[in-house]
Amino acid sequence: MKYIAEYRDGALAREIAARIAAEATPGRRYNLMEFCGGHTHAISRYGLKDLLPAAVNMVHGPGCPVCVLPIGRIDNAIELAMQHGAIVCTYADTMRVPASGGLSLMKAKARGADIRMVYSAADALRIAQENPDRQVVFFAIGFETTTPPTAVVIKAAHAAGLGNFSVFCNHVLTPAAITHILESPEVRELGLVPLDGFIGPAHVSTIIGSQPYEYFAEEYAKPVVIAGFEPLDVMQAILMLVRQLNEGRAEVENEFTRAVTAEGNAKAKALVAEVFDLRKTFEWRGLGEVPYSALKIKAAYARFDAEARFGITYQSVPDNKACECGAILRGVKKPTDCKVFGTVCTPENPLGSCMVSSEGACAAHYTYGRFKDVPVKAA
Amino acid sequence: MCLAVPARVIELLADDEATIDLAGVRKRISLALVEGVAVDDYVIVHVGYALQKIDPAEAAKTLALFAEAKMLDSPA
Chain A
48 MKYIAEYRDG ALAREIAARI AAEATPGRRY NLMEFCGGHT HAISRYGLKD
98 LLPAAVNMVH GPGCPVCVLP IGRIDNAIEL AMQHGAIVCT YADTMRVPAS
148 GGLSLMKAKA RGADIRMVYS AADALRIAQE NPDRQVVFFA IGFETTTPPT
198 AVVIKAAHAA GLGNFSVFCN HVLTPAAITH ILESPEVREL GLVPLDGFIG
248 PAHVSTIIGS QPYEYFAEEY AKPVVIAGFE PLDVMQAILM LVRQLNEGRA
298 EVENEFTRAV TAEGNAKAKA LVAEVFDLRK TFEWRGLGEV PYSALKIKAA
348 YARFDAEARF GITYQSVPDN KACECGAILR GVKKPTDCKV FGTVCTPENP
398 LGSCMVSSEG ACAAHYTYGR FKDVPVKAA
Chain B
49 MCLAVPARVI ELLADDEATI DLAGVRKRIS LALVEGVAVD DYVIVHVGYA
99 LQKIDPAEAA KTLALFAEAK MLDSPA
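Those sequence lines, one after another, are chains A and B.
166 is the number that my numbering gives to position 119 of the first sequence; each next residue is one higher, with no gaps.
99 is the number that my numbering gives to position 51 of the second sequence; each next residue is one higher, with no gaps.
One or more hints might be untrue.
Label-pair ranges, simulated between beta-carbon atoms [claimed, not checked]: (1) B:K118 x A:A101: 21 to 27 Å; (2) A:Y415 x B:L113: 24 to 30 Å; (3) A:G208 x B:A112: 50 to 56 Å; (4) B:P104 x A:G132: 49 to 55 Å; (5) B:A112 x A:Q258: 22 to 28 Å; (6) A:R158 x B:E116: 36 to 42 Å; (7) A:Q130 x B:A112: 45 to 51 Å; (8) A:Y415 x B:E116: 44 to 50 Å; (9) B:D88 x A:A309: 25 to 31 Å; (10) A:Y415 x B:A108: 27 to 33 Å; (11) B:I58 x A:K96: 35 to 41 Å; (12) B:R76 x A:H205: 19 to 25 Å; (13) B:I58 x A:A101: 16 to 22 Å; (14) B:I58 x A:Y166: 18 to 24 Å.
By construction, these hints were calculated from the structure, which means they are not laboratory data.
Glycine is no exception: its CB is placed at the ideal position from the N, C-alpha and C atoms.
Same shape as in the complex, but just chain A (with noise of 0.2 Å):
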């Protein structure tokens, strides 16, 4: 396919591998996080990690939306449909995630809860105009790339006088993620996360543009590489990151300028900011509070809020004790250093968010035989 094949050249990305390793300076280590799960799940399913020369370090971030939701809003979304009769409607990727009691979207949908499978907000919108005797929510989640389509589903559903369709909002914003990781005590203080630079997303970039990144070149001093998710792309990225590391710059460069341009998609940033204000706060699995990362509906469109429609209160719940999704999410810990990784918690069935989502580092990890790492215990 067009813009695909051409970008997974094998002999090319040894090619580049080949130029990493030249110019890589004997004896520096390059600390690089890939924010996003499209660039982990790329990491793994390609190989990339045995193509690099041991230089490079790469380390996963909390860019998968999946991933960071905290029970609490599965939780939430499970109780539309239960205790309200909600028709809940969602993205495949959030079916399986472990909720409180045992549950998950998927167990509650066996228990005879409404909840249906959507490909897009429109279809959501399409299933509330069908069903106009039944409440119909759309369980919006999703950074940047996932926001603008639910604006336009708001407006749409505004526009129609639609009484019986709401959206439950976890939408989550990536610079907020960058800043709070870069703030950590584990980037700061500890020193348990060295970071030299980022690769960062593709299609959130698309939107936003590679102009919110500047923040962090300046402010932290650190490189910021945008890539596309194709193999050639992050090898790219990588050796692009390590000639501004060897030669002492902290840049906002792009890899991705076929589809990312300075300002990003105004059309869509517009429809955003009409429809969205900013949370002061919002729960991060791994990354706990965060300040200013997410968006809530405006008061405009408070209507079609299925928090206020419904009176949800938010109740944080802890994590399964035995996952370290957390320390995983921040970068502090790999797949690998999880007692349950490959044993207990499998794609399969999954104790954690980073085993359910194919880009959780967890799931890339397994799904492509780097469970292998971990030795085998004889039962």
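Let chain A serve as the given structure and place chain B on it in line with the hints.
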């Protein structure tokens, strides 16, 4: 979650919609978030919405950038 795919626009439809072709798979998507899309443009599609047009000139430049590593490696 941020999964999105480049697809070719094959027909513009009413209500800001279009039909795209993805290696033979055809789907109706929304163009509500983009402007100035024409037939044969490639767009990045996410949850049924085009997020951006792909710039073919920039795509070619990036491919040339990859090839640079190769040229640098070979002896002059």
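- Query: How does the Cβ-Cβ distance of Y415 (chain A) and L113 (chain B) compare with 24 to 30 Å: does it lie in that range?
  - Reply: holds (27 Å)
- Task: Look at the Cβ atoms of Y415 (chain A) and A108 (chain B) and judge whether their distance stays inside 27 to 33 Å.
- Result: holds (30 Å)
- Message: Just to be sure I understand the hint, the distance between the Cβ atoms of I58 (chain B) and Y166 (chain A) should be within 18 to 24 Å; is that true here?
- Response: holds (19 Å)
- Between D88 (chain B) and A309 (chain A), does the beta-carbon spacing fit 25 to 31 Å? holds (26 Å)
- Can you let me know if the beta-carbon spacing of I58 (chain B) and K96 (chain A) is within 35 to 41 Å? holds (38 Å)
- Query: Does the Cβ pair Q130 (chain A), A112 (chain B) satisfy 45 to 51 Å?
  - Reply: violated (58 Å)
- Query: Is 49 to 55 Å a correct range for the gap between the Cβ atoms of P104 (chain B) and G132 (chain A)?
  - Reply: holds (50 Å)
- Item | Distance restraint evaluation - Y415 (chain A), E116 (chain B), Cβ atoms, bounds 44 to 50 Å | violated (29 Å)
- Using the Cβ atoms, figure out if R158 (chain A) sits within 36 to 42 Å of E116 (chain B). violated (57 Å)
- Message: The hint says 50 to 56 Å between G208 (chain A) and A112 (chain B); measuring C-beta to C-beta, is that right?
- Response: holds (52 Å)
- Using the C-beta atoms of K118 (chain B) and A101 (chain A), is the stated range 21 to 27 Å upheld? holds (23 Å)
- When you take the CB atoms of R76 (chain B) and H205 (chain A), is the distance between them in 19 to 25 Å? Distance hint for R76 (chain B), H205 (chain A) holds at roughly 23 Å.
Checked against the numbered hints listed earlier, the structure breaks hints 6, 7, 8, 13; every other hint is satisfied.
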